[in-house]
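Going down the list, the sequences are from chains A and B. Its first residue numbered 1, the first sequence is counted upward by one per residue in my numbering. Its first residue numbered 1, the second sequence is counted upward by one per residue in my numbering.
It should be emphasised that the hints constitute simulated quantities derived from the structure, not laboratory data. Every residue, glycine too, gets a C-beta built ideally from N, C-alpha and C. A few of these clues could be false.
Unchecked claim - Cross-link-like lysine-lysine pairs, in silico, DSS-like; alpha carbons within 30 Å at most:
(1) A:K25 with A:K11
(2) A:K11 with B:K23
(3) A:K11 with B:K55
(4) B:K11 with B:K25
(5) B:K71 with B:K17
(6) B:K11 with A:K23
(7) B:K72 with B:K58
(8) B:K23 with B:K55
(9) A:K55 with A:K72
(10) A:K25 with B:K23
(11) A:K11 with B:K11
(12) A:K53 with A:K71
(13) B:K23 with B:K53
(14) B:K23 with B:K58
(15) A:K55 with A:K71
As the list claims (entries may be wrong) - Residues of chain A placed beyond 12 Å of chain B at every Cβ, according to the derived structure:
(16) E2
(17) N15
(18) N18
(19) D61
(20) Y151
(21) E153
Spelled out, the chains give:
Protein chains: 2
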Amino acid sequence: MEAIENIFTRKSVRNFKNIPVEKDKIRKILSAGMSGPSCVNARDWSFLVITNKEKLSKMADANGRYARHLKKAAFGILVCGDLERAYSEAEDYWVIDGAIAAQNMILCAHALGIGSVWLGTWPQMDRVKNQAELFSLPDHIVPHSVIAFGYPEEEKPEEDRDLYEEDRVHFEEW
Amino acid sequence: MEAIENIFTRKSVRNFKNIPVEKDKIRKILSAGMSGPSCVNARDWSFLVITNKEKLSKMADANGRYARHLKKAAFGILVCGDLERAYSEAEDYWVIDGAIAAQNMILCAHALGIGSVWLGTWPQMDRVKNQAELFSLPDHIVPHSVIAFGYPEEEKPEEDRDLYEEDRVHFEEW
């Protein structure tokens with residue numbers, strides 16, 4: 001798909017076909033996540049990939065009721081910040097760097113015909129704690145976001161939406 | 001450009017040609033920023049677009065020495081969080097939503113042949129304060145990131161880089 005069309009046709013997909021996603025596509029998606037910019041090129045993230053249905057179900061339960069779509073996903077990725085790699089002068093850039101990686105993965109998936117939905121974790125600290133406990137993460141690895149991926153159940157015709165809102169933009173001065 | 005190639009060939013561009021970027025392209029970039037997902041679809045961001053050279057220079061000075069490349073940019077965007085629109089149960093999702101919008105704009109710009117470099121602001125609170133003061137932002141509008149945009153000075157051949165690192169990915173368990 002053409003790059004701009006890909007950005008403008010992305011939508012959250014919550015219903016997935018009961019088929020797996022090919023390993024090489026999962027790798028491509030992860031590689032896209034690692035291709036975004038990060039603060040001082042710290043690359044302060046790590047990714048936990050889950051395809052096991054039982055684990056996906058536990059991961060969903062650990063992330064609140066809106067995460068239930070994860071149970072039918074082909075795979076889920078827990079994007080994590082890696083505080084040992086974060087920029088020591090301003091550690092919290094890890095939140096931005098994780099979001100860049102996640103959005104790159106979502107756009108790459110969409111280009112491969114794979115739908116996804118972003119299931120928020122950080123800054124909801126109960127979810128952060130739940131995911132960390134579920135996967136016995138080391139202390140320096142902080143759950144950022146859960147993303148569910150899979151082939152979309154219905155292939156809806158994609159519209160090229162223009163979500164521009166005039167009043168959100170200020171030119172030259174506020 | 002093809003969507004996946006676009007993701008993998010993006011690089012930070014720090015030297016810009018001394019020519020403006022067309023208004024319709026700036027609008028397209030902003031629209032891409034508004035096309036990403038946001039927490040509970042809060043769309044909790046706003047964008048301040050600067051093309052005036054004097055203002056770009058002040059904006060650069062307000063953001064630390066690594067922001068100097070902004071002085072030669074065709075335009076800069078101050079991505080801001082809008083706390084009045086943020087999800088009240090977990091306001092800090094605004095940080096993630098701003099990053100998604102910024103990465104979408106950077107990828108859209110790259111697809112249009114426009115280079116960019118991300119100049120961090122939040123969480124460095126001196127920079128956040130400087131930008132807010134410079135542009136007399138309302139209290140609920142919080143500076144997130146400054147991004148410099150422009151046509152690249154040198155058109156380097158783009159390589160399709162694979163930045164995948166095996167040890168950053170964990171399958172099924174940590």
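Hint check results:
no.	hint	verdict
1	A:K25 with A:K11	19 Å, holds
2	A:K11 with B:K23	26 Å, holds
3	A:K11 with B:K55	36 Å, violated
4	B:K11 with B:K25	19 Å, holds
5	B:K71 with B:K17	12 Å, holds
6	B:K11 with A:K23	26 Å, holds
7	B:K72 with B:K58	12 Å, holds
8	B:K23 with B:K55	18 Å, holds
9	A:K55 with A:K72	11 Å, holds
10	A:K25 with B:K23	37 Å, violated
11	A:K11 with B:K11	25 Å, holds
12	A:K53 with A:K71	7 Å, holds
13	B:K23 with B:K53	16 Å, holds
14	B:K23 with B:K58	22 Å, holds
15	A:K55 with A:K71	9 Å, holds
16	E2	7 Å, violated
17	N15	16 Å, holds
18	N18	19 Å, holds
19	D61	17 Å, holds
20	Y151	17 Å, holds
21	E153	19 Å, holds
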